[in-house]
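There are 2 protein chains.
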Amino acid sequence: MADAPGALPGEFALIARHFRRLAGPGALDLADDAALLDPPSGRQLVLAADAMVAGVHFLPDDPPETIGRKLLRVNLSDLAAMGAAPLGYLMTTALPKDLPPDWLGRFVDGLAADQAEFGLCVLGGDTVSTPGPISLSLTILGSVAPGAALRRAGARPGDSLWVSGTIGDGALGLRVLQGKLPGDPGGHLARRYRLPEPRLALGAALGGLARAAMDVSDGLVQDLGHLCRGAGCGAVLQAAEVPLSPAARALAAGDPALAGLCLTGGDDYELLFAAPPGAEEAVRARAATAGVPVARIGTFIEGPAEVRVLDAQGAEMALPRGGWSHF
Amino acid sequence: MADAPGALPGEFALIARHFRRLAGPGALDLADDAALLDPPSGRQLVLAADAMVAGVHFLPDDPPETIGRKLLRVNLSDLAAMGAAPLGYLMTTALPKDLPPDWLGRFVDGLAADQAEFGLCVLGGDTVSTPGPISLSLTILGSVAPGAALRRAGARPGDSLWVSGTIGDGALGLRVLQGKLPGDPGGHLARRYRLPEPRLALGAALGGLARAAMDVSDGLVQDLGHLCRGAGCGAVLQAAEVPLSPAARALAAGDPALAGLCLTGGDDYELLFAAPPGAEEAVRARAATAGVPVARIGTFIEGPAEVRVLDAQGAEMALPRGGWSHF
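Heads up: the protein sequence lines correspond to chains A and B, in order.
Just so you know, the UniProt record's numbering puts 279 at position 279 of the first sequence, and the rest follows in order with no gaps.
Just so you know, the UniProt record's numbering puts 271 at position 271 of the second sequence, and the rest follows in order with no gaps.
What the hints contain is simulated information worked out from the structure, not anything from laboratory work.
The structure displayed is predicted, hence computed values, not measured ones.
Hints may be right or wrong, so weigh each one.
Since copy identity is lost for identical chains, a pair holds within one copy or between any two.
As the list claims (entries may be wrong) - Here are the simulated SDA-like pairs of lysine to any residue, each with C-alpha atoms no more than 25 Å apart in a straight line:
no. : residue 1 : residue 2
1   : K180      : V128
2   : K97       : D61
3   : K180      : P131
4   : K97       : D109
5   : K97       : R175
6   : K180      : S129
7   : K97       : S129
8   : K97       : E197
9   : K97       : L14
10  : K180      : A239
11  : K97       : E281
12  : K97       : T299
13  : K97       : P39
14  : K180      : P63
15  : K97       : L59
16  : K97       : P60
17  : K97       : D62
Let the sequences and hints guide you as you build the complete structure.
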């Protein structure tokens with residue numbers, strides 16, 4: 001606040017020191033008022049934004065390296081759900097003034113690693129101070145072939161319901177990190193909470209095949225409800241078919257409530273999608289090519305937009321709540 | 001948090017009730033994972049993001065109607081500084097759970113008014129809860145003819161320095177609202193603090209004429225330093241030529257420190273730009289067509305990237321600080 005005219009004040013030095021190394025073509029070295037980008041020709045743009053607040057979306061003592069990566073991956077997961085490929089992102093950070101001195105460097109290290117892994121760069125953003133908890137916001141920009149975007153609406157009665165990867169790891173990992181659950185010797189669940197895996201290759205592979213898709217962020221059952229409302233029909237979810245990781249299976253075996261938590265807890269960032277009858281082999285082939293495991297977990301049915309969750313004996317399960325909501 | 005599967009939980013009902021009415025084409029009713037947009041053909045994309053935190057960028061008791069509008073206008077001002085036209089925006093809101101019941105409706109009312117005024121719509125976003133102050137982030141998307149974007153770098157020694165509108169109103173308006181300054185009988189200064197005027201028509205009109213441009217957000221002197229660093233030369237700012245509103249002039253006449261505050265205080269969102277020698281008439285003609293007053297306030301000079309501020313007698317002014325910085 002005591003900078004002489006002409007000197008670079010703290011905010012700009014901080015951007016130069018930390019964020020500039022993340023800047024890609026179009027970002028103009030983060031030194032202009034805005035980024036400048038030639039849109040990829042013959043493609044539609046896909047845009048999504050997510051916010052994360054310390055203590056709400058991540059733990060205040062999470063490693064700084066994983067916090068930015070989680071925010072980036074959550075947004076990449078939105079692109080995956082649309083079948084889109086990433087182009088770049090803008091990020092705003094509201095940071096307390098008493099952050100540990102190495103926090104920002106480590107935060108940016110994590111982002112740099114994920115930029116290399118997913119092939120995108122920062123286009124712009126803003127860095128401000130806050131008297132409250134760390135608050136982050138990220139807008140992602142992607143592209144898709146015209147008309148090829150996967151949408152939430154489109155499932156029909158008789159379609160099969162599929163999910164990628166495993167469900168429940170993120171919700172269990174959060175509780176492990178909070179000390180509410182024992183176990184997780186290999187750190188699998190904590191890692192899944194902190195670093196979700198955006199299913200970009202699978203989303204791209206499902207174009208022209210899946211009738212509807214979304215990513216599971218707020219809990220499998222609740223998010224399936226969104227697909228049902230988009231379709232104007234119901235769905236039956238076979239709980240025993242929902243894929244669990246060995247770590248999740250070990251915990252759920254000892255406590256039936258944890259099996260319910262897997263279905264409703266959220267933070268999965270797996271793809272949930274509908275495929276037409278007879279497409280089972282095609283789905284499995286495309287998923288194999290994308291290198292992502294998928295499982296058939298239910299069926300869309302005629303009727304109101306409701307989700308019925310059945311256990312291995314075909315009995316309706318009572319679940320504690322539909323999923324995560326902020327309000 | 002006690003929603004039955006299939007019911008719309010609070011967060012989604014809130015988006016449906018408040019934000020959906022802001023959604024434009026491409027936003028897919030805010031019901032999908034991302035927005036889908038055909039980029040305007042033959043144009044470059046222009047992207048910027050800004051964050052605002054209650055108590056830092058706006059006053060916690062500012063009318064909710066003006067808070068979203070200020071964030072939108074600050075971003076529109078970045079587009080203006082690039083000579084770009086708005087396409088749409090994404091916004092994330094981190095909101096405390098104890099907001100007054102009418103807050104969000106009034107916040108969205110303000111955004112709706114500005115969407116109509118500036119001809120753009122929301123494309124997407126996210127709404128989360130926070131234990132801290134209201135934290136907002138907005139990413140704006142615009143477009144410009146290829147190669148026509150105004151940039152910060154490009155001024156040359158001998159170029160004239162120009163600014164639009166009036167300077168200092170925002171900084172004075174903040175102090176009036178904080179009770180630190182008397183006056184402002186017509187409410188002009190407070191209004192300028194809460195509702196800056198993005199100079200979109202002027203920015204568009206300066207394409208091909210201005211050699212460098214930016215918007216004044218962190219203080220005239222500090223921001224002029226950015227133009228100097230971009231140009232690799234210095235600038236002389238004639239303080240007496242800096243346009244003040246009648247309200248600002250009345251306050252500054254009674255307190256020389258307030259004249260300094262006008263030059264360094266920030267929150268102006270006027271365009272600061274360089275024009276080549278001999279372009280004075282062209283600048284005035286284009287500004288008149290755009291309906292935006294402009295004033296010539298200095299000159300770029302050979303030498304290091306430093307700003308010299310001279311008073312009406314040609315003596316160098318000592319200013320308390322260069323401008324606003326968060327860190």
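Do the hints match the structure? See the list:
For a Cα distance limit of 25 Å, the shortest separation of K180 from V128 across copies, 24 Å, qualifies, whereas the shortest one inside one copy, 34 Å, does not. Taking the shortest alpha-carbon separations for K97 and D61, both the intra-copy value of 16 Å and the inter-copy value of 23 Å come in at or below 25 Å. Proximity of K180 to P131 under the C-alpha cut-off of 25 Å is restricted to the inter-copy arrangement: shortest distance 22 Å between copies versus 29 Å within a copy. Only within a single protomer do K97 and D109 lie at most 25 Å apart by alpha-carbon distance; the minimum there is 20 Å, versus 33 Å between protomers.
Taking the shortest Cα distances, K97 and R175 sit within 25 Å of each other only across copies (23 Å), while inside one copy they are farther apart (29 Å). Taking the shortest alpha-carbon separations for K180 and S129, only the inter-copy value of 23 Å comes in at or below 25 Å, while the best intra-copy value is 32 Å. With identical chains, the CA atoms of K97 and S129 are at most 25 Å apart both within one copy (6 Å) and between copies (21 Å). In this homomeric assembly, K97 and E197 never come within 25 Å of each other (Cα to Cα): the closest approach is 31 Å inside a single copy and 30 Å across copies.
Proximity of K97 and L14 under a CA criterion of 25 Å is satisfied intra-copy only: 12 Å inside one chain copy versus 32 Å between copies. Taking CA atoms no more than 25 Å apart as the test, K180 paired with A239 passes inside one copy only; the shortest distance there is 24 Å, against 63 Å between copies. Taking the shortest alpha-carbon separations for K97 and E281, neither the intra-copy value of 55 Å nor the inter-copy value of 47 Å comes in at or below 25 Å. Proximity of K97 and T299 under a CA criterion of 25 Å is satisfied in neither setting, with 51 Å inside one chain copy and 37 Å between copies.
With identical chains, the CA atoms of K97 and P39 are never at most 25 Å apart, being 37 Å at best within one copy and 39 Å at best between copies. When the C-alpha separation of K180 and P63 is checked against a cutoff of 25 Å, the pair qualifies only within one copy, where the shortest distance is 19 Å, while the shortest distance between copies is 42 Å. Proximity of K97 to L59 under the C-alpha cut-off of 25 Å is found in both arrangements, the shortest distances being 18 Å within a copy and 19 Å between copies. For a Cα distance limit of 25 Å, the shortest separation of K97 from P60 qualifies both inside one copy, at 15 Å, and across copies, at 20 Å.
In this assembly of identical chains, K97 and D62 lie within 25 Å of each other by CA distance both inside one copy and across copies; the values are 18 Å within and 24 Å between.
When held up to the earlier numbered hints, the structure conflicts with 8, 11, 12 and 13 and fits the remainder.
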